[in-house]
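A.B. asks: Since the structure of chain F is provided, determine the placement of chain D on it from the hints.
Number of protein chains: 2
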Amino acid sequence: MIRLDAAAAGFAQAFTALVDARRESSADVTRDVAAIVADVRQHGEAAVAELTLRLDRHDLAETGWGIEPATCAAAYDALEPGLRTALDLAAARIRAYHERQKPVDSDWRDEAGVRLGARWSAVDAAGLYVPGGRAAYPSSLLMNAIPAKVAGVRRLAMVTPTPDGQINPLVLAAAHLAGVDEVWRIGGAQAVAALAYGAGPIAPVDVVTGPGNAWVAEAKRQLYGVVGIDMVAGPSEIVVVADAANDPEWIAADLLSQAEHDTVTQSILFTDDAVFADAVAAAVERQLDTLATGTVARQAWEANGAIVTVASLAEAMPLVDRLAPEHLQLAVDDPDTLFARVRHAGSVFLGRHTPEAIGDYVAGPNHVLPTGRRARFASGLSVLDFMKRTSFLGLDETALAELGPATIALAEAEGLPAHARSVALRLRTNR
Amino acid sequence: MIRLDAAAAGFAQAFTALVDARRESSADVTRDVAAIVADVRQHGEAAVAELTLRLDRHDLAETGWGIEPATCAAAYDALEPGLRTALDLAAARIRAYHERQKPVDSDWRDEAGVRLGARWSAVDAAGLYVPGGRAAYPSSLLMNAIPAKVAGVRRLAMVTPTPDGQINPLVLAAAHLAGVDEVWRIGGAQAVAALAYGAGPIAPVDVVTGPGNAWVAEAKRQLYGVVGIDMVAGPSEIVVVADAANDPEWIAADLLSQAEHDTVTQSILFTDDAVFADAVAAAVERQLDTLATGTVARQAWEANGAIVTVASLAEAMPLVDRLAPEHLQLAVDDPDTLFARVRHAGSVFLGRHTPEAIGDYVAGPNHVLPTGRRARFASGLSVLDFMKRTSFLGLDETALAELGPATIALAEAEGLPAHARSVALRLRTNR
Chain F
1 MIRLDAAAAG
11 FAQAFTALVD
21 ARRESSADVT
31 RDVAAIVADV
41 RQHGEAAVAE
51 LTLRLDRHDL
61 AETGWGIEPA
71 TCAAAYDALE
81 PGLRTALDLA
91 AARIRAYHER
101 QKPVDSDWRD
111 EAGVRLGARW
121 SAVDAAGLYV
131 PGGRAAYPSS
141 LLMNAIPAKV
151 AGVRRLAMVT
161 PTPDGQINPL
171 VLAAAHLAGV
181 DEVWRIGGAQ
191 AVAALAYGAG
201 PIAPVDVVTG
211 PGNAWVAEAK
221 RQLYGVVGID
231 MVAGPSEIVV
241 VADAANDPEW
251 IAADLLSQAE
261 HDTVTQSILF
271 TDDAVFADAV
281 AAAVERQLDT
291 LATGTVARQA
301 WEANGAIVTV
311 ASLAEAMPLV
321 DRLAPEHLQL
331 AVDDPDTLFA
341 RVRHAGSVFL
351 GRHTPEAIGD
361 YVAGPNHVLP
371 TGRRARFASG
381 LSVLDFMKRT
391 SFLGLDETAL
401 AELGPATIAL
411 AEAEGLPAHA
421 RSVALRLRTN
431 R
Chain D
1 MIRLDAAAAG
11 FAQAFTALVD
21 ARRESSADVT
31 RDVAAIVADV
41 RQHGEAAVAE
51 LTLRLDRHDL
61 AETGWGIEPA
71 TCAAAYDALE
81 PGLRTALDLA
91 AARIRAYHER
101 QKPVDSDWRD
111 EAGVRLGARW
121 SAVDAAGLYV
131 PGGRAAYPSS
141 LLMNAIPAKV
151 AGVRRLAMVT
161 PTPDGQINPL
171 VLAAAHLAGV
181 DEVWRIGGAQ
191 AVAALAYGAG
201 PIAPVDVVTG
211 PGNAWVAEAK
221 RQLYGVVGID
231 MVAGPSEIVV
241 VADAANDPEW
251 IAADLLSQAE
261 HDTVTQSILF
271 TDDAVFADAV
281 AAAVERQLDT
291 LATGTVARQA
301 WEANGAIVTV
311 ASLAEAMPLV
321 DRLAPEHLQL
331 AVDDPDTLFA
341 RVRHAGSVFL
351 GRHTPEAIGD
361 YVAGPNHVLP
371 TGRRARFASG
381 LSVLDFMKRT
391 SFLGLDETAL
401 AELGPATIAL
411 AEAEGLPAHA
421 RSVALRLRTN
431 R
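If you read the sequences in order, they're chains F and D. With full-length UniProt numbering applied, the first sequence corresponds to residues 1 to 431, in that order. With full-length UniProt numbering applied, the second sequence corresponds to residues 1 to 431, in that order.
So here's chain F without its partners, still in its complex pose:
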């Protein structure tokens, strides 16, 4: 963890280093992933089976490729009732939030008599990556699957690795709840390639979303264009802007809720009170000692954590914009004043009683958010990621007479005579 003071000499340079810090895996995964993708494209089923045997240590010919809907339904029914209620609440609230994202079609006629508009429709099929192992989060499944279903996607195919054949029942329960249509027990770059190109029993999809490790992220990047993808995901981060009126323990827990995800995550506190900063730092240390995820969280906090002291919280906001954080908590009495100054952030958590964890699970907005400064240009996952827009136009003779001559002039200037001719032929009155 580094401590920075915006008033200190050398701050500009130190903060720039913080902004530019690359927390990406240093392993060169690009080449490995390219080989896997090419292998799956060429050999399909056989490649996926071989890679799964080698990397996940189970034989798809024995375990089967798919997990039956009935198995998912049974996993849901077997949930501890409190957990099932929590999952139900999360699903209902996520659905309600995303319903509001559904775009509206348009169809109008302008003053030139030209009919214009745009029509939205869902993709036919979406693929959903769900990580296995310690990052197997049923909440992520809901966050990816529900927007797809709200968009109207008819076929939602999920892939999830089952290392050593081990299935995570929580994930299956969430798949049932979210209305996932197919569950395939494969993972890694090979699973992304199988979704994009099809492999064995898996038909190709149009869009692939969902979190994953560096291999999965790189596979999505390489297959972008073959399929649509949600975004290039990287290590995630939280920025908390807090004044001294907060309980340091609350803020420490908020910072650690990001740190416990992964050793490459980043947690940054901006505060206008150096004594409060010390109190939070001490609370983090105390909480780390009692946290089951303390080892990971400590590593993340020590390597990437930061506490920045500023003269006023308003002064922090341009610095926050440079970080363009995935998550931004504004733990003050009047968060709107600060929020009005925010230009780049994935999701913003307003006020002292809105810890980021609420947004991870049940609030409703999507928790799949742009990471690694990408909130400068990218948005959280939404219904729009599973839809596409078809524009349309229609002219009658009168409208064509009005727009035709300009079209001909521009086509000729661009050296495209067939373009000009397609209009000129229609304009001729003496045919």
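Read the hints as simulated data drawn from the structure, not as lab findings. Hints may contain errors.
In this list, chains with the same sequence are indistinguishable; a pair is considered to hold if it fits within one copy or across any two.
Within a straight-line C-alpha distance of at most 25 Å, the following computed SDA-like cross-link-like pairs (lysine to any residue) qualify [said to hold, decoys possible]:
#: 1; residue 1: K149; residue 2: N168
#: 2; residue 1: K102; residue 2: L384
#: 3; residue 1: K149; residue 2: L384
#: 4; residue 1: K149; residue 2: D110
#: 5; residue 1: K102; residue 2: R154
#: 6; residue 1: K149; residue 2: L83
#: 7; residue 1: K149; residue 2: R322
#: 8; residue 1: K149; residue 2: D88
C.D. replies: For chain D alone, coordinates are given in the frame of chain F:
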């Protein structure tokens, strides 16, 4: 050009071959582009200058990197008046269409007392690639620049190659009209990398859009994630669905208006009348002989053109969906009935008096559209490509009391105790 009959034996196979035909450049540009991108990332200004000298044959130290706004304004003023009026009309109509795409912010409180919403904002800076040489289209510049300006982008930096130092005055005029803020005379993969990372006098941007050759397209693909991009563009295509009541000459010109762009473009006619099909094929041959772009158009038509005869036009629509064409003309009296059956298309041109060329220039909808079957999942360029959405939520003590327990249950089930603690600390009444 191939002729297919949907009723003939072997049609399914032949049509699948048409759908799957790869028209991408076979050259392996991936490696070349990766080297250029790495070079620009590492050596910035010097790399761009060296590549420009080598590939575009002019010395940036002599010609200067930028073109002054005054030069663009002068080019606009010097336009032939008819052409200037045409360009003005195009810009005004494109602006009017895209104004309607501006998203609406939301901010509401739900029944649990949770404040929820989403706020849209423009990216800070966008980069616009404008090809040089024969594909230097002022219309493309308008189609890329105007949505960015409508979105509210403050800094719009355009790159365009000036091979041998030659500047295209039409492009400069369009840049002036569209409100481009910076014009840089560089092109190719190195220009895309310069926009993404910054180089010399060029500051980095957040989003890069615009058409280009295979190198430019691959550079955008490789830099996706460092910046946002509009889409992966490939060879473009038109599908015309026409009955026998059309003038074959009109339809022939429509097919050729796509073919004349490039030898890898594809033009496909679906018709329910074999005699009409013959007439169109004959008209294409006649028109090719008198077309200044005949050499390119003939090559495209002969290699990739197709005429498909179907029993009824309704029967054509599922086939059209499999092609997911960039452009779809429905040249019939009642295009809406057919349009209602279309699931995948970039832009649809309704009725006999709506040649695709109208959409290329002045109608208003964007002509930057998903190619190569990508209309299955992608949309045309829009204002949204230059904006991002920040979601937000805010809870008070009451709302947190309602959503907190479910959050704790889910966080504990996912093995994330700091998440649970950040909520539990706030729920404690006895602190």
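A.B. asks: Given identical chains, is K149 near R322, meaning Cα to Cα at most 25 Å, within a copy, between copies, both, or neither?
C.D. replies: between (35 Å within a copy, 22 Å between copies)
A.B. asks: Is it within, between, both or neither when you check K149 against D110 at 25 Å Cα-Cα?
C.D. replies: Intra 34 Å, inter 22 Å, cutoff 25 Å: inter-copy only.
A.B. asks: With identical chains treated as interchangeable, where does the CA-CA distance between K102 and L384 reach 25 Å or less: within a copy, between copies, both, or neither?
C.D. replies: The answer is both: 7 Å in one copy and 14 Å across copies each meet 25 Å.
A.B. asks: Within a copy, between copies, both or neither: which one fits K149 and D88 at a CA-CA cutoff of 25 Å?
C.D. replies: within (16 Å within a copy, 43 Å between copies)
A.B. asks: How would you classify K149 and L83 at a CA-CA limit of 25 Å: within, between, both, or neither?
C.D. replies: Close inside one copy (23 Å), not across copies (48 Å); limit 25 Å.
A.B. asks: Tell me, please, which holds for K149 and L384 at an alpha-carbon limit of 25 Å: within, between, both or neither?
C.D. replies: Close inside one copy (11 Å) and across copies (22 Å); limit 25 Å.
A.B. asks: Is it within, between, both, or neither for K102 and R154, if the alpha carbons may be no more than 25 Å apart?
C.D. replies: Within one copy, since 16 Å is at most 25 Å while 28 Å is not.
A.B. asks: Checking an output row: K149 and N168, CA cutoff 25 Å. Within, between, both or neither?
C.D. replies: Classified as within; 22 Å inside a copy, 48 Å across copies.
In summary, this structure violates none of the numbered hints.
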